[in-house]
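Novice: Listed below, chain by chain, are the residues.
There are 2 protein chains.
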Amino acid sequence: MNAPALKHLRTAIHRFLKLDDAEWDMLVPYTEERQLAKHELFAVEGKAAHEVGFMLEGNMRHYYTRDGEEKTTYFYFEGHFVSSYISCLTGKPSELTIEALTDCTLLVFKYKDLQKLYDLSHKWERFGRVLAEYLAIGLEERMVGLLMLSPEERYLQLLDSNKQKIIERIPQHYVSSYLGITPVSLSRIRARLLKK
Amino acid sequence: MNAPALKHLRTAIHRFLKLDDAEWDMLVPYTEERQLAKHELFAVEGKAAHEVGFMLEGNMRHYYTRDGEEKTTYFYFEGHFVSSYISCLTGKPSELTIEALTDCTLLVFKYKDLQKLYDLSHKWERFGRVLAEYLAIGLEERMVGLLMLSPEERYLQLLDSNKQKIIERIPQHYVSSYLGITPVSLSRIRARLLKK
DNA sequence: GGTATTTCTTATCTTAAGTTAACGTCCGCA
DNA sequence: TGCGGACGTTAACTTAAGATAAGAAATACC
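If you read the protein sequences in the order shown, they are chains A and B. Each residue of the first sequence is one higher than the last, beginning at 9 in my numbering. Each residue of the second sequence is one higher than the last, beginning at 9 in my numbering.
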């Protein structure tokens, strides 16, 4: 077992709620470290997803496909959970694909093992609740941004976030589709902002 | 106690998970029926929210305010839960206002009472998880629609949903801001569609 | 190191949405 | 019942984004 990796995960979980050692130990045997090479996939559209990952290193994106075009709607960074979570929850085929943008290191566990913990432990069930609540809060913020801000404002907001350095290293056409605009449009917005 | 109202709520909860009578009875004493007149508010921007409602009758909207302008981002219908849920979760002041669009009848309970149930009962904790997951799934769908569909497609999608009849009775400028466009724009889209 | 591919920018043209304003209709309320 | 305000439509104009294409820059890969 990779102790620093597990410690990293435990710290991340503790941002949601504190687990005592016994509770934490329930998860450990189910975790497995995994490497993904750049461009490898963690979830594939059309296939039901069964796993949840925790990002130790690297970053990933997820995208939907429409009319043959990929629409990137989310990025994952170090310290985040990564999963086609809705597919895990519903058991239906994933509507999205998750791709490694760089070489990545993950801790992976199966969703059904997490469900076992939900069954066995009220505390883990609570973790599941708080995780879903956290997810919902993030999605709500994102949605409000899409409804209330212009593409330019959304881009500035993204740069303001603490992920600016990483964003700058992500291919721009992925960022543009995250913002809901075309790559050409983002390029123009950037040119406009430079002049100011 | 209003038995049909409670039955309606129980049925709605059972869509998430089944409660036995003892579990259900834990909630009942905390519920209270409430009438809201058209234009009355259920949550107010700037004030922390403490309540969760269940809609027995009528419909509501929630909106954010920006530059003095109201942006409607959600509608609530009969059989839905209504709450400034994020404010309840975080304890922070609500960023949104919830307004009755028609006279409404609600069953209301306090979020802190729900939290008590979370503490007392694994099963209720699970309800909280499933509710949050349901919320997240809905928000994800909404977000993907905003990113991948044109305003016209979003409007058609909204009409296709099972709420068409109700949507048609909601003032159009609320619908337009739900779609992320101006009232003028929605009016043009409608004119365009009529010609087809 | 050099070639091929991907990515980003720039330009042109088209299309649609934003803005503002005018007008008609409907509705609530005095 | 009549007045005032809210709502929806239409029109004219402005602004910005989409589509397409071409070229430059960066990157990947042999």
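Hints are computed from structural coordinates only; laboratory data are not their basis. As the structure is a computational prediction, the values presented were derived from the model and not from experiment. Among these hints, one or two may not hold up.
Pairs count within a copy or across copies, as identical chains cannot be separated in the list.
Stated by the list, open to error - Below, simulated BS3-like cross-link-like pairs (lysine-lysine); rule was C-alpha separation at most 30 Å, straight line:
| no. | residue 1 | residue 2 |
| --- | --- | --- |
| 1 | Lys79 | Lys131 |
| 2 | Lys131 | Lys100 |
| 3 | Lys26 | Lys124 |
| 4 | Lys46 | Lys26 |
| 5 | Lys26 | Lys55 |
| 6 | Lys55 | Lys173 |
Novice: Determine for every hint whether it applies to the structure shown.
Specialist: Hints, verified against the model:
no.: 1; hint: Lys79 <-> Lys131; in the structure: neither (37 Å within a copy, 38 Å between copies)
no.: 2; hint: Lys131 <-> Lys100; in the structure: both (27 Å within a copy, 24 Å between copies)
no.: 3; hint: Lys26 <-> Lys124; in the structure: both (19 Å within a copy, 18 Å between copies)
no.: 4; hint: Lys46 <-> Lys26; in the structure: neither (34 Å within a copy, 44 Å between copies)
no.: 5; hint: Lys26 <-> Lys55; in the structure: between (34 Å within a copy, 29 Å between copies)
no.: 6; hint: Lys55 <-> Lys173; in the structure: neither (33 Å within a copy, 36 Å between copies)
The structure fails to meet hints 1, 4, 6 from the earlier list, while all remaining hints are met.
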